[in-house]
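Visitor: Starting from the given sequences, assemble the full structure and let the hints guide the process.
Number of protein chains: 2
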Amino acid sequence: MTSNKKKLRVGLFGFGTVGRGLYDLLKAIPSRQVEIARVCVRDISKNRHVTDLEFTDDADDIFNDDSINFIVELIDDAEASWHIVRRALEQRLPVVSGNKKMLARHLPELIELQQCTGTALLYDASACGSIPVIRNLEEYYDNDLLISVKGILNGSSNFILSKIFNEGMPHGDALTLARKLGFLESDPTLDLDGWDSLYKLVILTMHAFGVYVEPERVFTFGITCMSDADIRFAREKDRRIKLVGHVEKLPDGRLMMSVMPHLLSRNKYIYSVEDEFNGVVIKGAFYYKQFMFGQGAGAKPTSSAVMSDITACLYDYRYEYKKLHGHNIPHFTNDCTLRIYMRFSADSQLERIGFEEITEEYRSLDQRYVVGRVSLANLHANMEFIRSEGMFVMAYPEN
Amino acid sequence: MTSNKKKLRVGLFGFGTVGRGLYDLLKAIPSRQVEIARVCVRDISKNRHVTDLEFTDDADDIFNDDSINFIVELIDDAEASWHIVRRALEQRLPVVSGNKKMLARHLPELIELQQCTGTALLYDASACGSIPVIRNLEEYYDNDLLISVKGILNGSSNFILSKIFNEGMPHGDALTLARKLGFLESDPTLDLDGWDSLYKLVILTMHAFGVYVEPERVFTFGITCMSDADIRFAREKDRRIKLVGHVEKLPDGRLMMSVMPHLLSRNKYIYSVEDEFNGVVIKGAFYYKQFMFGQGAGAKPTSSAVMSDITACLYDYRYEYKKLHGHNIPHFTNDCTLRIYMRFSADSQLERIGFEEITEEYRSLDQRYVVGRVSLANLHANMEFIRSEGMFVMAYPEN
Numbered sequence: 002m003t004s005n006k007k008k009l010r011v012g013l014f015g016f017g018t019v020g021r022g023l024y025d026l027l028k029a030i031p032s033r034q035v036e037i038a039r040v041c042v043r044d045i046s047k048n049r050h051v052t053d054l055e056f057t058d059d060a061d062d063i064f065n066d067d068s069i070n071f072i073v074e075l076i077d078d079a080e081a082s083w084h085i086v087r088r089a090l091e092q093r094l095p096v097v098s099g100n101k102k103m104l105a106r107h108l109p110e111l112i113e114l115q116q117c118t119g120t121a122l123l124y125d126a127s128a129c130g131s132i133p134v135i136r137n138l139e140e141y142y143d144n145d146l147l148i149s150v151k152g153i154l155n156g157s158s159n160f161i162l163s164k165i166f167n168e169g170m171p172h173g174d175a176l177t178l179a180r181k182l183g184f185l186e187s188d189p190t191l192d193l194d195g196w197d198s199l200y201k202l203v204i205l206t207m208h209a210f211g212v213y214v215e216p217e218r219v220f221t222f223g224i225t226c227m228s229d230a231d232i233r234f235a236r237e238k239d240r241r242i243k244l245v246g247h248v249e250k251l252p253d254g255r256l257m258m259s260v261m262p263h264l265l266s267r268n269k270y271i272y273s274v275e276d277e278f279n280g281v282v283i284k285g286a287f288y289y290k291q292f293m294f295g296q297g298a299g300a301k302p303t304s305s306a307v308m309s310d311i312t313a314c315l316y317d318y319r320y321e322y323k324k325l326h327g328h329n330i331p332h333f334t335n336d337c338t339l340r341i342y343m344r345f346s347a348d349s350q351l352e353r354i355g356f357e358e359i360t361e362e363y364r365s366l367d368q369r370y371v372v373g374r375v376s377l378a379n380l381h382a383n384m385e386f387i388r389s390e391g392m393f394v395m396a397y398p399e400n
Numbered sequence: 002m003t004s005n006k007k008k009l010r011v012g013l014f015g016f017g018t019v020g021r022g023l024y025d026l027l028k029a030i031p032s033r034q035v036e037i038a039r040v041c042v043r044d045i046s047k048n049r050h051v052t053d054l055e056f057t058d059d060a061d062d063i064f065n066d067d068s069i070n071f072i073v074e075l076i077d078d079a080e081a082s083w084h085i086v087r088r089a090l091e092q093r094l095p096v097v098s099g100n101k102k103m104l105a106r107h108l109p110e111l112i113e114l115q116q117c118t119g120t121a122l123l124y125d126a127s128a129c130g131s132i133p134v135i136r137n138l139e140e141y142y143d144n145d146l147l148i149s150v151k152g153i154l155n156g157s158s159n160f161i162l163s164k165i166f167n168e169g170m171p172h173g174d175a176l177t178l179a180r181k182l183g184f185l186e187s188d189p190t191l192d193l194d195g196w197d198s199l200y201k202l203v204i205l206t207m208h209a210f211g212v213y214v215e216p217e218r219v220f221t222f223g224i225t226c227m228s229d230a231d232i233r234f235a236r237e238k239d240r241r242i243k244l245v246g247h248v249e250k251l252p253d254g255r256l257m258m259s260v261m262p263h264l265l266s267r268n269k270y271i272y273s274v275e276d277e278f279n280g281v282v283i284k285g286a287f288y289y290k291q292f293m294f295g296q297g298a299g300a301k302p303t304s305s306a307v308m309s310d311i312t313a314c315l316y317d318y319r320y321e322y323k324k325l326h327g328h329n330i331p332h333f334t335n336d337c338t339l340r341i342y343m344r345f346s347a348d349s350q351l352e353r354i355g356f357e358e359i360t361e362e363y364r365s366l367d368q369r370y371v372v373g374r375v376s377l378a379n380l381h382a383n384m385e386f387i388r389s390e391g392m393f394v395m396a397y398p399e400n
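Protein chains in written order, with our numbering: chain A, 2 to 400; chain B, 2 to 400.
These are calculated hints, taken from the structure and not from any lab test. Quick caveat: nothing in here was measured; it's all calculated off a predicted structure. Careful: at least some of the hints might be erroneous.
Simulated crosslink set (DSS-like; lysine-lysine; CA at most 27 Å straight-line) [said to hold, decoys possible]:
| hint | chain 1 | residue 1 | chain 2 | residue 2 |
| --- | --- | --- | --- | --- |
| 1 | A | Lys284 | B | Lys284 |
| 2 | A | Lys47 | A | Lys181 |
| 3 | B | Lys28 | B | Lys7 |
| 4 | A | Lys7 | A | Lys47 |
| 5 | A | Lys323 | B | Lys8 |
| 6 | B | Lys290 | B | Lys323 |
| 7 | A | Lys164 | A | Lys181 |
| 8 | B | Lys28 | B | Lys8 |
| 9 | B | Lys290 | A | Lys28 |
| 10 | A | Lys269 | B | Lys7 |
| 11 | B | Lys164 | A | Lys323 |
| 12 | A | Lys164 | B | Lys284 |
| 13 | B | Lys164 | A | Lys164 |
| 14 | B | Lys28 | A | Lys181 |
| 15 | A | Lys284 | B | Lys28 |
One side of the interface only, derived from the structure: several residues of chain B facing chain A at Cβ under 8 Å [what the hints assert, rightly or not]:
| hint | residue |
| --- | --- |
| 16 | Leu26 |
| 17 | Arg136 |
| 18 | Glu140 |
| 19 | Ala175 |
| 20 | Ser304 |
| 21 | Ser305 |
| 22 | Glu321 |
| 23 | Gly391 |
Beta carbons: idealized from backbone N, C-alpha and C, even for Gly.
Guide: See the structure below:
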């Protein structure tokens with residue numbers, strides 16, 4: 002209760018969907034302790050129809066303003082975000098960031114910087130929008146009981162999949178609608194090819210298991226190449242296709258990760274996560290499964306998550322990265338097998354992937370697929386190949 | 002990361018379902034920092050088939066043992082629990098408690114005691130078993146955006162309702178099965194009459210809105226009087242009956258609370274919460290709805306929640322009761338109306354409840370019910386009357 006009187010004068014970077022959402026939130030529910038002092042944007046000439054904020058395009062105007070004691074960074078550009086966040090920490094200014102890509106790439110340096118400077122960086126808003134999953138993994142699921150974290154981490158691609166699956170909307174229309182609603186990143190391949198989910202998974206894995214895994218090491222495949230044939234296959238099996246991020250401690254103690262479409266049966270919690278919602282299932286040895294569910298994209302939920310990060314800083318909250326210093330830290334591996342569905346067009350493609358076992362095979366003039374077990378390492382080694390050949394793979398769990 | 006080397010020697014009170022669960026958990030996944038030093042039980046002569054624990058029936062054996070630096074209190078008796086927890090705090094021993102009833106009755110004194118002694122009392126395990134809902138309300142949903150918390154807070158009654166609804170199991174058989182699985186409190190009316198949900202709701206309300214409401218002030222009604230006719234009514238309307246705890250900030254800023262069966266339609270998140278699971282929906286102005294879901298009863302999930310409380314203490318975590326010191330603290334009221342279904346047997350009963358509006362009425366030789374709007378204050382004033390006359394009421398929201 003010590004920090005109750007603290008006042009934050011925020012230097013805000015970025016005034017896109019989330020930045021403006023934060024401004025709207027503070028308008029709707031004014032805070033006695035938080036005010037936006039100045040906003041740094043790329044293009045200062047753009048008319049934003051906001052009269053009560055001071056805009057600048059020079060970061061120095063924020064970093065040299067002694068009255069500003071807090072940084073909120075909500076820009077798309079990962080490189081620029083890294084410079085801002087690093088500078089903030091070096092100046093011992095607590096900072097909230099929403100840039101998944103930057104965070105996933107620079108986590109080890111950012112953790113070190115926080116320790117050296119004794120300054121907080123919070124980013125709960127970066128993963129799963131309004132669901133406080135990072136803080137829960139960090140604070141609550143903090144013992145050796147944790148087995149896996151599996152979830153729909155990207156609201157935009159899930160929105161598109163929902164429209165296609167439930168309303169039979171053509172792929173292109175669903176994409177247009179998602180963009181119109183402000184659900185897509187400025188570069189939509191981030192959402193659709195699984196990169197956004199990957200960055201979030203890397204962040205979650207740090208807080209879940211205390212392990213940093215470079216994004217490049219994780220098999221990542223999205224829904225861009227999904228065809229009507231794949232959707233038909235899912236419907237025939239009474240399953241839904243969802244883009245799933247997954248990290249799991251294997252029985253031998255090693256850690257596997259993947260981002261890929263999953264064929265989900267009705268008995269899975271995340272089967273019912275629709276539209277722009279995110280859902281995360283946390284599985285433990287003793288508490289079985291827990292499920293957290295909430296809006297994962299859009300101005301309001303994301304900006305309220307940013308606001309929660311800001312409020313946490315008011316109370317001097319910091320991630321402690323407890324698990325990073327724990328014993329029994331698991332080692333990352335791609336050396337495991339999984340059951341997948343794979344659509345392909347030529348036998349050479351099939352051979353290259355090297356299935357260990359094929360249990361179902363279909364060939365017609367215009368469609369070929371197999372179901373079988375394959376090593377995750379093989380998939381990872383052929384990630385670019387699969388993508389460039391227009392093939393489609395999905396995890397296809399037994400139940 | 003400062004407290005990483007701390008070691009807790011735990012004085013444990015109670016060795017029932019959860020106490021033994023904690024012992025099993027520490028056996029299965031040994032902790033370098035947590036060990037049970039001694040266990041205080043009521044009946045020391047009982048053979049517990051445990052050879053590596055020291056039992057006593059004298060609390061002094063724990064409180065006078067200088068090597069014990071932590072208390073875990075997992076007993077049923079609220080009065081005894083209060084003495085243990087108070088004494089622990091007075092001796093500046095951090096304490097974890099799972100006694101909902103004791104907590105709900107003594108929250109204001111316990112908060113003061115924690116402040117005076119600078120000693121932590123944690124009780125996340127007390128509400129919703131394995132779901133970290135208290136800590137999330139305290140830490141994450143900590144701004145003025147929160148509108149309501151609504152949920153299935155009692156796993157045992159939900160288990161029974163699921164068996165009756167989904168498997169057509171007779172009431173008595175469902176009760177027997179729940180008891181066999183260790184889901185029921187030693188006094189089953191705590192679960193079935195809504196008291197357990199009420200105590201949890203009082204605790205959640207403190208952490209959600211910063212308000213302490215004495216349990217007596219909240220309309221509380223359970224499923225003991227539920228009849229086949231009520232179940233038939235629910236089925237006809239394609240709804241399910243669930244026992245729901247509910248706290249909501251009304252548009253005028255006041256706070257209403259209730260514990261009662263709800264007729265839930267399929268579009269509600271908690272409609273699908275089955276068996277011994279708990280589910281909580283947190284609604285906010287900006288983030289719409291969030292849903293948390295997990296096992297709410299049984300040895301394993303509850304003891305893993307206790308373990309999380311213990312681990313939090315290792316890192317000097319304390320509830321800050323931030324909202325208690327906030328501005329805009331809402332006032333509790335029963336002065337609001339709700340739409341309910343009420344089964345009754347005599348017109349005098351109906352008159353006494355004083356409906357403001359009746360929109361549906363059914364009378365046959367063996368069954369009478371109405372649907373209509375009634376003031377919550379009237380229901381509260383007639384709580385004992387409704388119970389003693391064998392009537393049955395359920396909230397019946399429009400959608």
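Visitor: So which of those numbered hints doesn't the model satisfy?
Guide: 4, 10, 11, 13, 14, 19 and 23
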